[in-house]
Amino acid sequence: MKNGTIKILDGAMGTRLQAMGLPLGGIPEVWNIAEPEKVTSVHESYLAAGSDIVYTNTFGANSYKMSASGYTVQELISAGVANARRACAKYPGSQVALDIGPIGKMLSPLGDLAFEDAYELFREQVLAGKDADLIVIETMTDLYEAKAALLAAKENSDKPVYVTMSFEANGRTFTGTSIECMALTLSGLGADAIGFNCSLGPEELTPMVKTLYELTKLPIVLKPNAGLPDPVTNTYNVSPEEFADCIGELLPYGIVATGGCCGTTPEYIAALKRKAVAFAEEEKRTDLPAKREVSGICSSTEAVWFSEPRVIGERINPTGKKRFKEALLNGDMDYILSQAISQVDAGADILDVNVGLPGVNEKEMMVRVVKELQAIVSVPLQIDSNIPEVVEAALRIYNGRALVNSVNGEEKSLSSILPIVKKYGAAVVGLTLDEGGIPNEAEGRFAIAERIVNRAEAIGIPRSDVQIDCLTLAASAEQAVVAETLKALKMVHDRLHTGAVLGVSNISFGLPNRELVNTTFLTMALQNGLTLPIMNPNSDSMMGAIRAYRLLMNIDKHAMAYTEAYKDFVPAKAEAKPGAATPAASVADETEAKIRETLGEKAAELYAAILTGRAERGELLADEWLKEGDPMAMVNGVLIPALDTVGAGFEKGRIFLPQLMLSASVVQGVFVRVKEFMASSGQEQVSKGTIVLATVKGDIHDIGKNIVKMLLENYGFTVKDLGRDVDPQVVVQAAKETGAPLVGLSALMTTTLGSMEETIRALKEAGLNCKTVVGGAVLTPEYAERIGADYYGSDAKATVDIAKEVFHC
Amino acid sequence: MVKLRPINKKEAALYLGYGKNEPDQVILNLMDECEGPLMEACHPSFCYGIFDIELCSEERVVLSECDLELTGKDIVKLLTGCGKAVLFAATLGAGVDTLMRRLQVGSMPKAILTDAMAGAAIEQICNDFQEELAVQFPDLKQTMRYSPGYGDLPLSIQRKLLETLSAGKRIGLSVTEGNMLTPLKSVTAVIGLRDIKNEEERSRIRDMALQDATLNAELSVGDCSKEACAGCAFAAKCHRKEN
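Chains as they are written, first to last, in the working numbering: chain A, 1 to 809; chain B, 810 to 1052.
Reference listing, derived: stretches of chain A covered by chain B, where coverage requires no fewer than 3 residues with Cβ under 8 Å from a Cβ of chain B: (1) 20 to 29; (2) 98 to 111; (3) 327 to 339; (4) 364 to 377; (5) 661 to 667; (6) 687 to 701; (7) 744 to 753.
Listed next, the in silico PhoX-like pairs over lysine-lysine satisfying Cα-Cα at most 25 Å (straight line): (8) B/969 - A/38; (9) A/652 - B/819; (10) B/829 - A/652; (11) A/720 - A/371; (12) A/720 - A/321.
Simulated DEER-style distance windows between Cβ atoms: (13) B/889 - A/687: 54 to 60 Å; (14) B/963 - A/120: 26 to 32 Å; (15) A/589 - B/963: 48 to 54 Å.
Honestly, the hints are just simulated from the structure, not real lab data. Here the structure is a predicted model, which is why all the values come from computation and not from measurement. A virtual CB, placed ideally from N, CA and C, is assigned to each residue, including glycine.
For reference, chain A alone in the conformation it holds in the complex (with noise of 0.2 Å):
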């Protein structure tokens, strides 16, 4: 069988354009207005030399870059599409590309761009430039950005789309995204082909071309530059025939279209036709490297795939967990947050987000919580909801491929959620129970699993996608039922050949010990074709499992990660290595003295504890003063007294900043043992009063605000955290909705300082009766005066003291 024809796409559009006058900086998308000849006789010249697709002057046409550019994005793109349109008239059979590439600014968490505003900049140029043949989303280093543009394309027209993104000589995107998250999430969502452009030659793509090969199965566009840059001329260093040369060896590769970026010319389009001629004619090669056939999830930067047992995280889920449904109530953010990295520093491969609890509207919880997680974790995330609408909330925003979790064998799931998890490239959990409920016996639960499967393939869904959970029963109720389990596990790996969840935790319900039962259960299944146990990561015995599984079963070659985990093993009943050494900090003081004489030895340990910033010991004294102690006894008594004196050494500037922050940090461990306690006992927090704290409008910059809220935490008080870039009219909300009388405002730039007295001004509009605290690195007293603060806050421990004053304690 022959190749058959490959297109051709065109060269450097922006470079040429330079050549003809236009500026460095200048705007180029203008000349399609300004200038349309020259437009137009750079696609003749690619035309002329063999293109069959050229790509419009609209690289940066969205309503952010043209902003300054006098024209809307309407006229630009329509102007660029009628310039390649009218050149493309002469040669029958070439098509116009509508090229969109990267918006100019980056998408939240790392830029200020929202996710939704990106999709609406992509959707205003897909909508004008709908009389192209096709849409070419291109140069993305952002696979956020990309799935925006990718989704807005979709939604938006039917034209087919191929997406090319930049990646670096490591394999990765500036933003780190690797070719594996790539193909994953872009096959997912529907585009019809997808590959590279730009930022280095064809060379250094030639490995990435034949790594994306392997992964996909869509088609690949290649549009490298002419080699690489010099960094003062910026001419590149490849000839149009080495460029052909080295392009033509991976044709066989599934490329459908191939161009050339930055640094080429019709020459280099011409040598490359020439390649693509040939290639047509001569026989498919039949020795190319086979397709990944197992299927996998990623976030932005980490791909995992389903060719091996792998852990998924399961304590971020307010069942049975009365602290984490406080968190959720009161949009505790960081408690959340703090589970996921506990989990994932234990070895977590995927985690569970479940949001449900009545009383939290789950949509915009799920939202709010897969946002900040993907912010912080670069482990994939497995959605856990049975509710349409959250489900698909939480895939529209995720960076990257999702497992959902879940479906099951009722009418309603299948025909609502199945959908949702094709239209976004999902990956999928099949619960085997129906509308009869969960079968006992493992044929039928493998029947439901068999028709989960089929359906899913009915739409679309690759059964390599699907997860078949056979649903773990407690030990203590269904006892003869847990066989079953087993067995049906065993049926779906054997026969189905899909991947297989478990809850593995739930088998020991009501029975003491659970954590022996737990493992036990969790290697029976994992030797009947468990590959993705739900579990507590935190649990050094299921991890252990878990590692050891890996192990024999020759799946962690040459034991290098067992190995890696184990090395500083120390049998349980052997003594512990002490601690580390106590710093130079000097701690016998006389306030420990007077706690010693109050409260006890344990109590003054507390307190040296914290002053030498060992986390450990204190959270370990915290506990046992809880089980006997009062808690608030030990806040007042200890905690305060502990903070004062490392406040005063750094007031003194005899400790600094590192120090005081490991203080805090000590104090904020025992903090959360404190609430757990309180939580689980009933009683009520006792908090000093709220403050509002907020990183002013046009300011990203958060750390100082982190540091102040921090130390403010550990003086009891309730700080209502907005974030950074905040609206003044947000700071305004909170405090009224908060009656907070104290508002805190941080700025880091003299540019943003504005902001801060616009917000200023606002909550005095508003009749507020709030006092205003700002701090910030350009700040001065008398800039603060002037702007028409209540307080400057120096440093942190200066902000505290203002909030003693402010709330008279």
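Starting from the known structure of chain A, fit chain B onto it as the hints suggest.
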């Protein structure tokens, strides 16, 4: 690829307010602990362009073949006598931002140490660039690195400066609505290049460079001359001034 050398912890300690004091062993250990993840998260890169100065008078600097105009008295003062100006942009990359967000949830002490060390790292990238530039142009003396927002050089030129360098495409750098650079650990700057006319002046400058090098070896502090303080927004609270 731009290479990052081990991070100068003395420099980081300066940012943390230590002045002439040394961090204690606990903090130094914690810094060591933070260094690995930071180095892993850093993907430093920079880009630059060298432009002829067409006009440099009163409150305006015009560069040849480029749409960017530098405005203000201070930039004119800096570039007076320079034949060329270097536009420069550098970043540690987006990975550091992600690391910082994560650390601020997980451990604030590590977050502030990493933040300070990242500051020292970007400083190192900038200094290394200037040294390379000095080797490349031995007969041209560089002015200090002058960034948008210093003195009366408006921060609002940030976007145009990045566009002129195609810094978005080349190193993934962009600005927010408030003209802040993203990724956060990034620098843009203008550096003037002045012809060194006679041999006498050349040797004088070489001596100065030697002195600078000694100072740098000791502190690895960038070009923080008095000239720099005058335009620096952080001057009032600068910890370096004590040194």
